[in-house]
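Number of protein chains: 2
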Amino acid sequence: MTENLFGYFAAACTTIAFIPQAIKVHKTKEIQDISLGMFALTTIGVLLWFIYGIMISSLPVIIANFITFILSLYIFIMKIKLDHPKT
Amino acid sequence: MTENLFGYFAAACTTIAFIPQAIKVHKTKEIQDISLGMFALTTIGVLLWFIYGIMISSLPVIIANFITFILSLYIFIMKIKLDHPKT
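Those sequence lines, one after another, are chains A and B.
Quick note on the numbering used here: the first sequence kicks off at 235 and runs consecutively.
Quick note on the numbering used here: the second sequence kicks off at 235 and runs consecutively.
Next up, chain A with everything else stripped away, as it sits in the complex (with noise of 0.2 Å):
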């Protein structure tokens, strides 16, 4: 019991993580210090976790990394978005 209560927490504090970061770059379109290949890296393997969870037939391993997907790839495109501005 306290060993799925530890995964369960550790599994909120992973996902709500990438809020503050999407809300930052959402009001401020300033991106620059974010690495390009860390949000490639973590939008792929959320997507593979996601997929997993749905093997596995595990429901908050399918949740937690849908929502942490849906953040991850918001900051990602941004980041090309501002990186690569239409001129």
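By construction, these hints were calculated from the structure, which means they are not laboratory data.
All clues stand as given, with none of them false.
A pair holds if it fits inside one copy or across any two, identical chains being indistinguishable in the list.
Lysine-lysine pairs mimicking BS3-like chemistry, simulated, CA-CA at most 25 Å apart: (1) Lys320 / Lys261; (2) Lys313 / Lys263; (3) Lys263 / Lys315; (4) Lys320 / Lys263; (5) Lys261 / Lys313; (6) Lys315 / Lys261.
Owing to the predicted nature of the structure, the values given are computational and were not obtained by experimental measurement.
Position chain B against the provided structure of chain A, taking the given hints into account.
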């Protein structure tokens, strides 16, 4: 078997993801666009994942989150340090 392959590949991506960000911060010493909240929550979250890994005796969870913890903690400390330089 296919599930495990997805799981390991997912864990590799989300762990390796922090390396380019840590390198970028180390090289540029620029951290303004990075959210303090994101790396505070990530550091706490992966520490909890690490403890969870010990509890459930899962070596991949332990190793992946130990590496991420070190990288995330480094970015978090640099964020505090660079945002509040000694006068």
